[in-house]
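Enquirer: Residue-level listing of the chains:
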Amino acid sequence: MNKSVLVLGGGIAGVASSLRLAVNGFKVYLVEREPTIGGAALFFCCKATEACNQCSVCLVPEKIAEIKAQPQISLLTNSQVAEISGQVGDFSVRLIQRPRFVDPEKCTACGVCAELCPSQPNKAIYLPSPQALPYAYAIDKNNCLHFNGVECNICSQECPFGAIDFDRSPEKIELSVDAIIIATGFDVFNAKEKGCLGYGRYTNVLTGLDLEMKFSTQGSITLPSSGKAPQNVAFIQCVGSRDVHIGNGYCSQICCKYAMRFAKLLQYQHPETKITIFYMDLQTAGKGFGEFYQQCKETIRFVRGIPVEISEISPDELEVKYEDFIEGKVAKEIFDLVILSVGITPRKDSSNIARILGINLGEWGFFDTQDHLDSTETNVEGIFVAGTCHGPKDIPESIAHGAQAASKVIQTLAARGI
Amino acid sequence: MDEVKIGVFICNCGDTISKSVDLLDIRARLEKLADVALVSIGHDLCSPQAQQAIRKDIIDNGINRVVIAACSPQLYGDALANLVEKAGLNRHLLSVANIREQCSWVHPDKDKATKKAMVQIRMAVDKVRLQDVVEQAEVEVYKDVLVIGGGIVGMEVAIELSNLNLRTTLIEKEANLGGRLKQFAALYPLQVTPEEMLTSRLKQVTGSENIDVLTSAGLKDLSGEVGNFTAKIRKGNKEISRNFGAIILATGYETLFLDKVYGFELGNNIITQSQLEGMLKSPGEIKKIPQSVGFVFDICDEHSRISTLSTLRNALVIKERFGSEVYVLCRNLQVDGAGLEKLYQDVRNKGVIFFKFERFPKILRENGKINIQVEDLSMAREQVMLSCNLLVVEEKVVPHQDFATLESMLNIGLGPRDFYQEDNVHLYPTSSTKSGIFFAGNCHQDLDLGRALTDASNAASEAYQLISSGKMRVEVERVVVDPDKCALCLTCLRFCPHDAIRIDYEKKAAHILDLACQGCGICAAVCPAKAIKFKDWSDDQILAELEVV
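Chains A and B, in that order, are what the protein sequence lines are. Per our numbering, residue -10 is the first one in the first sequence, and the count goes up by one each step. Per our numbering, residue 2 is the first one in the second sequence, and the count goes up by one each step.
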């Protein structure tokens, strides 16, 4: 019988692990809580200007396409782990799979259902992403009239393939696997925790994640207050990172890079836009990134120091207060758009997963590994971690870490003759 | 050649495509085309029943070329090729027309959409009519790996390969393994010391039957292609010849002090990080404990993780061992690595003082002391004068001297800063442009130790994936050279990014290595004599497609 591995989390790290294992003949159960694999980065945007700026977001559909070609990988979406027992070579796993109400085997994503769905303002039946895998629609129970006291069966009646079935209940799935890789990903830092920066209160204060969403759905950005193009934009780095006072004493490793790429993209679309990046230390290491930073310096103003306060003078005028080291005083400057470069934090449910699996959490709440390096072994033999659930990583590093975890699984099982 | 019989299978995707495309009209017109033996419209071609029916249709009607008009080949392209194969045809005898995403979904006007779908399908028909068969074969490959470079990364690669049951030859040009690990004074933020790490890895390397270590050795020559490389290795006066399936380069980096950039020379209490590490390693060399030590970096290389790392480590060692005053002057600290921000905070809490400068500090030698004049940004740009007994300056991280020789010997590319260039920095971060040759560690990227070990693991498992079965599947003669037309001008040889073209002296023509070829098509495009044919996209096929438009 084939050796089998449970990969918990279908983000880019879990996908990379699954691919490396499947190619080497392993049976993989790829468990994802959302209706599609791809994780956080599936919803990020390409940041190319006239040239590719190497944001690596395009690797996600690339890797998803590779998964599709691997019959060795069983996708278990809408699923979460409930219980795990046993040891390396013989883990018993119990999963709960919430119903999707659309059979992905039958659905061809023709879109008839969503066209007819009467639910407002958001359709209750939706394709999670144009790159989704399974490439099939799913029903959002909270939005769906059928599940909210209305006798609506339009989609199930009109589906040309009879793929929709409302009478489904959560299922238990029992699996037996030889090893487990945890790749549950990260939460984006909640910028509201930094109240003085006004996120959630001021219309024109957005986060890096908001930018990702806006660019990936609309292709550009306008001022939320007026719909006009931004004229004067400030990026504030290290929001939720390198900050022991809020319990995040680490660098998120991604924010300097995405801020500079967004800044370049904004100026590419609106060459007149002025951009200022407030920073502590610029993280410019990485192949080709130093050169990119030198280009950025030509059109972007970099100011050392993290602003402490933002106040809204009018919806289009945000006053940013910061320490001006050159003049040696507190300076105030007006911007029409402020982007908070939020970082990576451990997932809220990571302590729960740590408890179920019996693995340790590190100082900041990420899953801990044996030697604190970028290794993948946890304190439980046969359980490995991959990607950002172990600490901040960008997309290529998450892929590399995922593949490393897979390689360690192969080595561990080989060493034990399993 | 047998009579061409093309079968066209059109998918209606649950009657959604026919809303904007008149499929019946298309069928009627397709049936009149030459060589089209069968046109069928299905409800959903992705379902197992429909695929069963297609297979039956292909066999029953003696179809020998298949066109499928359906959704994007991104979705089911592979499955469709498998289907064609199961029906007894070569998987290349299939052409897919995307009439869903590229037509019916985006064109509401039925007349125009029908016209476009017809063009798309006719292009596919005319392309597949001219398609050549490409057979697959299995080729035996060596299950041995050559690892060049016996530093921590090279050792890690060899250990992982050994754990994966592949035999490895590890060659190191120095007399001992260990590389830079031998010179580091500490490995913070890791809790292990360099000695402990070195000892444990050496034990694993020497204890493994799968690893053959050759020290004081170097690569002299390489021939062959992926799976079947032949390497000549020089060890002392001897020359050893061995066969390998894959090669992993872990040759590390060198550091260089750039006196031109700094404007002064070393000596008189100004030393480099490497010199400091040497002193910290052999305490006998330190005659007088320095009361105050300055570190300065970001002057000749702003974007290197290595300067930040070595500065933080060595500053902490000095603080803990001697209790000296320690100043660090830099532009930006590169703390984007596991545990580095924590290390920075620890170093600060131990009393090391950091100055971030915008303009280069002035460094003056006076009476055996070194005075540094720097703008203190946290105190309203006041000029601060620091006095040190010892100043430690950064070195630029540069490629190894051997790089150029290895590069030309292996025929792989160098990147903009002369480090090895990956095939695709993000998609295949450890693969070189040449199949079967991989990079690990700082010879191709600027990495901290954690990242370097991840990289090592990746390179090892890429090599494992490639050769562990002892066989490789290969598409035979996907790209072919017509010896009558080839003038041996060597244009293809120069353009091939994958070093997959050789000269066949018997046929007096270029010859394409099937295993090394990655199917990019550049050679076929640049050949001035049109002697090279890429079977999936031949000139005839492309012209036939254009004819339809």
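Hints are supplied without guarantee of correctness; some may be wrong.
What the hints assert, rightly or not - Anything over 10 Å on all C-beta distances counts as not near chain B; from chain A, calculated:
| id | residue |
| --- | --- |
| 1 | Glu23 |
| 2 | Ala71 |
| 3 | Ser118 |
| 4 | Arg157 |
| 5 | Asp199 |
| 6 | Arg290 |
Stated by the list, open to error - Each computed DMTMM-like pair below joins lysine to aspartate or glutamate, with the alpha-carbon atoms no more than 25 Å apart:
| id | chain 1 | residue 1 | chain 2 | residue 2 |
| --- | --- | --- | --- | --- |
| 7 | A | Lys263 | B | Glu408 |
| 8 | A | Lys310 | B | Asp537 |
| 9 | A | Lys337 | A | Glu23 |
| 10 | A | Lys57 | B | Asp537 |
As the list claims (entries may be wrong) - DEER-style ranges, computed between Cβ atoms:
| id | chain 1 | residue 1 | chain 2 | residue 2 | range |
| --- | --- | --- | --- | --- | --- |
| 11 | B | Asp112 | A | Glu51 | 33 to 39 Å |
| 12 | A | Glu94 | B | Lys87 | 17 to 23 Å |
| 13 | B | Gln346 | A | Arg157 | 32 to 38 Å |
| 14 | A | Pro159 | B | Asp26 | 56 to 62 Å |
| 15 | A | Ser340 | B | Lys351 | 29 to 35 Å |
| 16 | B | Asn166 | A | Lys263 | 55 to 61 Å |
| 17 | A | Arg290 | B | Thr216 | 48 to 54 Å |
| 18 | B | Val140 | A | Ala403 | 23 to 29 Å |
| 19 | B | Gln346 | A | Met202 | 32 to 38 Å |
| 20 | B | Lys351 | A | Gly294 | 23 to 29 Å |
Everything labelled a hint here was simulated from the structure, so no lab data went into it. Beta carbons are placed, not taken as given, at the ideal position from N, Cα and C, and that holds for glycine.
Enquirer: Hint by hint, note whether the structure agrees.
Expert: Here is how each hint holds up against the structure:
{"no.": "1", "hint": "Glu23", "verdict": "20 Å, holds"}
{"no.": "2", "hint": "Ala71", "verdict": "31 Å, holds"}
{"no.": "3", "hint": "Ser118", "verdict": "14 Å, holds"}
{"no.": "4", "hint": "Arg157", "verdict": "20 Å, holds"}
{"no.": "5", "hint": "Asp199", "verdict": "23 Å, holds"}
{"no.": "6", "hint": "Arg290", "verdict": "13 Å, holds"}
{"no.": "7", "hint": "A:Lys263 x B:Glu408", "verdict": "44 Å, violated"}
{"no.": "8", "hint": "A:Lys310 x B:Asp537", "verdict": "61 Å, violated"}
{"no.": "9", "hint": "A:Lys337 x A:Glu23", "verdict": "16 Å, holds"}
{"no.": "10", "hint": "A:Lys57 x B:Asp537", "verdict": "23 Å, holds"}
{"no.": "11", "hint": "B:Asp112 x A:Glu51: 33 to 39 Å", "verdict": "37 Å, holds"}
{"no.": "12", "hint": "A:Glu94 x B:Lys87: 17 to 23 Å", "verdict": "19 Å, holds"}
{"no.": "13", "hint": "B:Gln346 x A:Arg157: 32 to 38 Å", "verdict": "51 Å, violated"}
{"no.": "14", "hint": "A:Pro159 x B:Asp26: 56 to 62 Å", "verdict": "47 Å, violated"}
{"no.": "15", "hint": "A:Ser340 x B:Lys351: 29 to 35 Å", "verdict": "32 Å, holds"}
{"no.": "16", "hint": "B:Asn166 x A:Lys263: 55 to 61 Å", "verdict": "59 Å, holds"}
{"no.": "17", "hint": "A:Arg290 x B:Thr216: 48 to 54 Å", "verdict": "53 Å, holds"}
{"no.": "18", "hint": "B:Val140 x A:Ala403: 23 to 29 Å", "verdict": "25 Å, holds"}
{"no.": "19", "hint": "B:Gln346 x A:Met202: 32 to 38 Å", "verdict": "33 Å, holds"}
{"no.": "20", "hint": "B:Lys351 x A:Gly294: 23 to 29 Å", "verdict": "25 Å, holds"}
Checked against the numbered hints given earlier, the structure breaks hints 7, 8, 13, 14 and satisfies all the rest.
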